[in-house]
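J.: Okay, here's what each chain looks like letter by letter:
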Amino acid sequence: MAPFVNAGQFLDVTDVWDGNGLNDSLASAAASMTIDGKKWGVPYTYYQWGIYFNKDAYKAAGVEAPGPEGVDWATFIANCEKFKAAGIDCLTTGTKALWPGAGIFDYMSLRTNGYEWHMDLTAGKIAWTDDSVRAVFAELGKLQPYVTANHAAIDWQDAAALLVQGKAANYVMGNFAVATFKEGGMTNDNLGFMAFPEITPGIPRSEDAPTDTIHIPAGAANPADAKLFLAYVASADAQTKLNAAIGQLPTNKNSTVPQDDPFLVSGFQMLSTAHALSQFFDRDAPAEMAKAGMEGIQQFLVQPEELDNILARLEQVRGQVYK
Amino acid sequence: MSAYWKANQRRLAPWLFLAPGMLMFAVYVIIPIFQSMWISFYDWDGLGEATWIGTANYVEMTTDPNMRKSFVNNIIWLVLYLLAVPAGLFIAIFLNQTVGGIRLYKSLFFFPFVISQVVVGLIFSWFYAPGFGLFYKVIEYFNGTGIAILADPDLVTYGIIAAGLWPQIAYVMILYLTGLNNVAPDQVEAARLDGAKGWKMLYYVILPQLRPATFIAVVVTVIGALRSFDLVSIMTSGGPFGSSRVLSYYMYETALSEYGYRMGYGAAIAVVLFAIMMVFISGFIWKMWRDETER
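Quick note, the sequences are listed as chains A and B, same order. Start counting the first sequence at 618; every next residue gets the next number (the numbering used here). Start counting the second sequence at 855; every next residue gets the next number (the numbering used here).
Please note that the accuracy of each hint is not assured.
Here are the computed lysine-lysine pairs in the DSS-like style, where the Cα-Cα straight-line distance is at most 30 Å [to be verified]:
| hint | chain 1 | residue 1 | chain 2 | residue 2 |
| --- | --- | --- | --- | --- |
| 1 | B | K860 | B | K960 |
| 2 | A | K699 | B | K960 |
| 3 | A | K799 | B | K991 |
Sample of chain A residues at the chain B side, in silico, Cβ under 10 Å [said to hold, decoys possible]:
| hint | residue |
| --- | --- |
| 4 | F621 |
| 5 | A624 |
| 6 | K713 |
| 7 | A770 |
| 8 | Q916 |
Because the hints were derived from the structure by calculation, they are not lab data. All C-beta atoms, glycine included, are put in the ideal place defined by N, C-alpha and C.
Put together the whole structure using the sequences plus the hints.
T.: Right under this line is the structure:
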């Protein structure tokens, strides 16, 4: 949103927020829609990220499947060792398009150093060569040997197929992937979902929840009706219906989610009790930093021994991007 | 008016016929070249205000590791792509015989050039795909573990070039097949009477007569190598971590892609690519001009 707002391409819609009580009903998204104290659009949907897992793969490897409360980090890594022995990828991903790797990194960062630190990192306030960054990569390094080999050559849908076939056990993904898993033949019985495990004890749990938004272009011919539409899209009823249709979560806190979808129910529960929500690496960081960062994350997942070079390069990019 | 037209008709008519083409060429080629050069001196995100920064984009380029990688890859492309010329010649000579069904064989060899580069890219992506790709499976059968070419930073560029060579060889082959039709049979006959055969026949009698075809083949191959964009975009998007970038793709990435907001830097890359192409293109044009005036 920032590049468009800074370039003067969006209309200020603060009055829509104030006139329709959105500051209260959309409170969770208010901060991310605000630049210079003004609101620049309304959110209409978001979805949770977390770990989707194949219960059959857990059974095949003789590992106890996690319940809704999840597992702790040490158990997760210990399980990975068992999956490896059983010839199953503990964690799968497809980083050809780069962003799926960033999802893993986001959680490493949020769980190791917390939301505020992660925001500082993506805002360019922390040096990539700092020890706190190395701590994140150290945790990622524990996971690295158990990630699907050749993930750099496959798309996220290809990795989803590995999960569906039971060749992989866990997948850090957004809730949109559930439709793909189910098309592949999984059901609510063998597809599980849990929040990403806690790494550093005591850090309040924050989640990745990319929000989709609607804006009005600055030169719009009929801003009055456009604002009316924005107010409608932001309403609890409209968001309930819209999100039930697209299988995502409403941003309006007075909306409801379909109770027969366990993934939406647990996602809604998880996000409404979270300490804070990040937007995703490539939205939190400026485009150029995001691109370089995601390449660095992908390279680390392939060549962990290159960490020093990766961090030095990212630090160089940071020097150029945030001026 | 009419008198003027009558007097100068022969002088004006060619320009009138040329005018539409020249207008299009100016609007879509010549003017954008200068616009790109102009933009390359700015820092501009494509939305907001552009700031004049002089040659800063070009200075940044000298230390940009992505730029270096793209440049090196472009050179690898250029060198390996030229393999299409001898390979195409070999297949053309092989197919230049009169046996039953040769037309069918020729069209089968020509087939890869007919399908779109995007389809070629997709076919080869599946061919290399880890887990189910034919190439991966064959390597796995002999080696124990498969090699995912497109996930390997050291091999990925070669994997894409191999995909590009497939249609390019077919193209060169067609150029040589037409060339071989025009080889004077009496010269071949005379050479045979003098006892020339095999390599000597090829080198001293056939190849000199194929020079125009060789020239065109080299030109299209060099230009094809320099504008290699479609295959990189389809097969890897420049990945893994930028290992298969070439200049044209890097230009698109910085200026126009999902994460590209640097029009100025992208334009600067375009200018560099243009300069490299100009070296080759002026060489070709100079040679053509020399050949024509010498006759």
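J.: Decide if the proposed pair is consistent with the structure: A:K799 and B:K991, CA atoms, cutoff 30 Å inclusive.
T.: This hinted pair holds, its Cα atoms lying about 28 Å apart.
J.: Is the shortest C-beta separation between A:A770 and chain B less than 10 Å?
T.: 4 Å, holds
J.: Keeping to a limit of 30 Å between CA atoms, is the pair of B:K860 and B:K960 held or broken?
T.: 53 Å, violated
J.: Is the interface hint for A:K713 satisfied, with its Cβ closer than 10 Å to some Cβ of chain B?
T.: Nearest chain B Cβ about 6 Å off; hint holds.
J.: Under the criterion of a CB-CB separation shorter than 10 Å, is A:F621 in contact with chain B as hinted?
T.: Holds, about 7 Å.
J.: Would you check whether A:A624 satisfies its interface hint, that is, whether its CB is within less than 10 Å of any CB in chain B?
T.: Since the shortest Cβ distance to chain B is 4 Å, the answer is holds.
J.: Taking only the CA atoms, is the gap from A:K699 to B:K960 under or equal to 30 Å?
T.: 55 Å, violated
J.: A closest beta-carbon separation below 10 Å is what the hint needs, so does A:Q916 meet it against chain B?
T.: With a minimum Cβ separation of about 4 Å from chain B (threshold 10 Å), the hint on A:Q916 holds.
Of the numbered hints given earlier, the model fails hints 1 and 2; all others are met.
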